[in-house]
Amino acid sequence: MLSMTMMPAAIVNGLMFGAIYALVALGLTLIYGVLHIINFAHGALLMLALYATFYLFSLAGIDPYVSLLIVVPGSFFFGYALYRWGIGKLAHGRDQNILLITLGLAIVFENGALFLFSADQQTIDVPYAYESLDLGFVFLALPKVISFFASLTICLLLWLLMAKTDMGKAIRAVAKERQGARLVGINVEHVFALSYGIGIACLGAAGCLLLPSFYVDPSTGNIFVIIAFTIVVLGGMGSFVGALVGGFIIGITESVGGLYLGESLGQIGISLIFILILLFRPTGLFGSKV
Amino acid sequence: MAVRTLLFLAALLVLALIAPLLIANRFLIDVLTLILFSAFLGQSWNILGGYAGQFSFGSVVFFGTGAYTSSILLMTFGIDAWIGAIAALFAGAAVGAFVGFLSFRYGLRGSYFALITLAFAEVFKVLANSVEFTGGGIGIFIEHEPGLARLQFDDPAGYYYIALALTVVSLAIAWWLERSRFGAYLKAIRENEDAAEALGVNAFRCKMYAIMISGAMGGVGGTFYAQKFLYIDPPIAYGVATSVEMLLVSIVGGMGTVFGPLVGSFVLHGVNEVTRHYIQTPGLSLIVYGLILIAIIGYLPNGLIGLFKGRARPKDAEDA
Chain A
1 MLSMTMMPAA IVNGLMFGAI YALVALGLTL IYGVLHIINF AHGALLMLAL
51 YATFYLFSLA GIDPYVSLLI VVPGSFFFGY ALYRWGIGKL AHGRDQNILL
101 ITLGLAIVFE NGALFLFSAD QQTIDVPYAY ESLDLGFVFL ALPKVISFFA
151 SLTICLLLWL LMAKTDMGKA IRAVAKERQG ARLVGINVEH VFALSYGIGI
201 ACLGAAGCLL LPSFYVDPST GNIFVIIAFT IVVLGGMGSF VGALVGGFII
251 GITESVGGLY LGESLGQIGI SLIFILILLF RPTGLFGSKV
Chain B
1001 MAVRTLLFLA ALLVLALIAP LLIANRFLID VLTLILFSAF LGQSWNILGG
1051 YAGQFSFGSV VFFGTGAYTS SILLMTFGID AWIGAIAALF AGAAVGAFVG
1101 FLSFRYGLRG SYFALITLAF AEVFKVLANS VEFTGGGIGI FIEHEPGLAR
1151 LQFDDPAGYY YIALALTVVS LAIAWWLERS RFGAYLKAIR ENEDAAEALG
1201 VNAFRCKMYA IMISGAMGGV GGTFYAQKFL YIDPPIAYGV ATSVEMLLVS
1251 IVGGMGTVFG PLVGSFVLHG VNEVTRHYIQ TPGLSLIVYG LILIAIIGYL
1301 PNGLIGLFKG RARPKDAEDA
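Line by line, the protein sequences are chains A and B.
Position one of the first sequence corresponds to residue 1 (the numbering used here), numbered consecutively onward.
Position one of the second sequence corresponds to residue 1001 (the numbering used here), numbered consecutively onward.
Please keep in mind that the hints were generated in silico from the structure rather than gathered at the bench.
For clarity, every value in this text was computed on a predicted model and none was experimentally measured.
There are no misleading hints in this set.
With beta-carbon atoms standing in for the labels, derived distance ranges: (1) A:Leu160 / B:Arg1205: 43 to 53 Å; (2) A:Lys89 / B:Ile1279: 22 to 32 Å; (3) A:Arg94 / B:Val1271: 19 to 29 Å.
One-sided excerpt, in silico: chain B residues whose CB lies under 8 Å from chain A: (4) Ser1130; (5) Val1244; (6) Leu1284; (7) Leu1293.
Yeah, the Cβ is synthetic: ideal placement off N, Cα and C, and Gly gets one too.
Same shape as in the complex, but just chain A:
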């Protein structure tokens, strides 16, 4: 069978993309784990990060990997401010309100991008875009390999931040028991906004890593919304390891599904996994039992 020989290549390609998916999902799962909200604007914010990377390259000539240094902190502050003075203030503490407000934000961002940047697909032309690594059974585009390792590194850094620093400790405390955290003197609103900011910073990183091998248009984010939610639900809401493993599973499912079922029907696998997991194991693979 022809597709059997292509199978290893599809799996490796899926792993490469899965790392980026994991990074996107990591932001979502962090926000869910701490704030217990579903950030529906996640895809739209990734789209904004992609545009930021794109314009830094096309207007200022900054390489996407260098602009990590600008886009990641920028995304963090944007996310922090957005939560502290926007979402948090307007939601009055009700979960469904947050869902709707982030939906409203997604609509505003997506159409704001359409208004400012037009609907055209934008790509960047970096000199190393077509260089590739030969693994013997598969050629891998260099940008994908870089994004794979960079994503893993960022996941590790985030884990260290959460496990080893005081800030991480405060975030984990708020995630576990927000009233108790308030009582011991943690500024809960600040920690909420911090977590949201870190979640959006993950998107900033994903934007920089993604752009050299991808494209951006105002609706790019929609592609990632369902995928990111699927990964988060699959791995278990709030679980870091889950987001990582889920990212790889979804990346492989997508590329193998595309191989066997074709480009169009292949996407159905992700939505089906999403529905089945929600129905039969809503805590996901690594989520704790409620």
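Fit chain B to the known structure of chain A by using the hints.
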């Protein structure tokens, strides 16, 4: 209901009935038709989301299934659209039962329910894109042969009256929910599902009825859309935009109120027409929609209707 309110509503209905005779501008009739149609779809969302408190992000799945059902019956089997509309009603209700049974049986609530409906719409979109009988990505073109049996008209007023009839029926359903025991059950589930169950409300069954009513309405709406615009394809039939519009008009107008979707639809489409008149740039009206949604959630959680109802509240407080 006070006599004055009834008189006011009757006058409004008479005005709506004679509007096509008074308005010479056919474009304006089209705008009114869309406002009414959007209010109808919004009411379909409102029954499930506003009254029963089950927020769906994928209600377009009923609309799209209805649109495909009647269009396939018409173009492949030559069956008239009015029969197709009835088939679409049952198809919408069936999809509602399917989605509802799976989601409610496994106890999905709140945000999880919103997400799974979104995923169902996505699955239907991919399927419609991939199978033969929906015309795949090319979609279905519907022949224009005006006549009541086909629900197609040369004069926009024809569509207007159908949209008006749909809206009146949807208002009647919401009105019935306000007065009936079933409606009270739904509201109880919305406020606190566990407490409602403890008091003997069969939450699963009530939510199933709600999603099936919502689905049936969405299905009929799909037929209307297909017969008016004469074309459907997967992004139109199962796109997120329609789902969002359905919940938007309800939330802006006022969730769980009889006239919320109608008020929301008038305001949003009014804003849309005005912004489009002054600035012809893509996306601008939707930016405004998004901002209105955020502002309503933040400052008017009961929607625009709540502005008027809010006055009565201090009196209630005195009684209590």
